[in-house]
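**Q** Residue numbering for the sequence shown follows the numbering used here, beginning at 191 and increasing consecutively.
Hint data in this document are derived by calculation from the structure and do not stem from the laboratory. A hint or two may mislead.
Stated by the list, open to error - Computed Cβ-Cβ distance ranges for the label pairs, DEER-style: (1) Ala237 with Arg325: 17 to 27 Å; (2) Thr209 with Val264: 27 to 37 Å; (3) Ile372 with Lys243: 41 to 51 Å.
Ideal Cβ positions, reconstructed from N, Cα and C, are used throughout, including at glycine.
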Amino acid sequence: NMNITNCTTEASVAGRPKTITEKMLISMTLVIITTLTMLLNLAVIMAICTTKKLHQPANYLICSLAVTDLLVAVLVMPLSIMYIVMDSWKLGYFICEVWLSVDMTCCTCSILHLCVIALDRYWAITNAIEYARKRTAKRAGLMILTVWTISIFISMPPLFWRSHRQLSPPPSQCTIQHDHVIYTIYSTLGAFYIPLTLILILYYRIY
191 NMNITNCTTE ASVAGRPKTI TEKMLISMTL VIITTLTMLL NLAVIMAICT
241 TKKLHQPANY LICSLAVTDL LVAVLVMPLS IMYIVMDSWK LGYFICEVWL
291 SVDMTCCTCS ILHLCVIALD RYWAITNAIE YARKRTAKRA GLMILTVWTI
341 SIFISMPPLF WRSHRQLSPP PSQCTIQHDH VIYTIYSTLG AFYIPLTLIL
391 ILYYRIY
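Sequences are here, hints too, so could you generate the full structure?
**A** In structure tokens:
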């Protein structure tokens with residue numbers, strides 16, 4: 191599984207104007223990365239879906255991770271390429287908000303998938319006999335549903351804080367702007383630091 195995600199919506203693309211050569215090199219590099227991300231994650235999904243021997247709860251988690259990364263490659267990365275190369279946002283408020291929301295949700299979901307995969311492996315190794323009975327497709331589905339639910343709750347709040355006047359000019363930059371400090375702390379902890387800490391602890395205890 192090629193776990194490549196975009197997660198660049200907060201980064202500013204403003205700065206020194208790019209030359210044509212720079213734009214071509216950046217475009218080619220990003221297109222190659224995007225294409226590889228699509229193909230490799232699609233290959234993982236197809237392999238798990240079409241091979242009966244791979245129809246196991248642990249592989250369902252991996253398949254769901256591949257689906258998440260495929261969504262990033264299809265829905266997020268192409269617009270990111272356009273945004274980075276053009277140095278400004280040309281698609282208006284609505285597409286900007288949809289793009290940011292999908293990007294945040296999928297990036298958070300991808301990280302949380304790595305967390306539940308680590309948790310699944312930890313349980314399988316440290317409590318093999320008992321967990322073998324509990325390691326069912328239903329349990330894997332519940333873990334996947336939980337990951338998506340948490341990701342949506344972390345990513346969606348900024349959508350409800352944005353208010354743009356209909357007559358205001360289109361934005362030249364597509365970024366999340368808010369002054370909710372508590373949300374910043376909550377989203378950063380929930381989407382990155384807590385999952386990262388848990389992953390490190392679990393793999394340390396496994397190995």
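**Q** Give me the numbers of the hints this structure contradicts, sorted from smallest to largest.
**A** Violated hints: none at all, because every hint is consistent with the structure.
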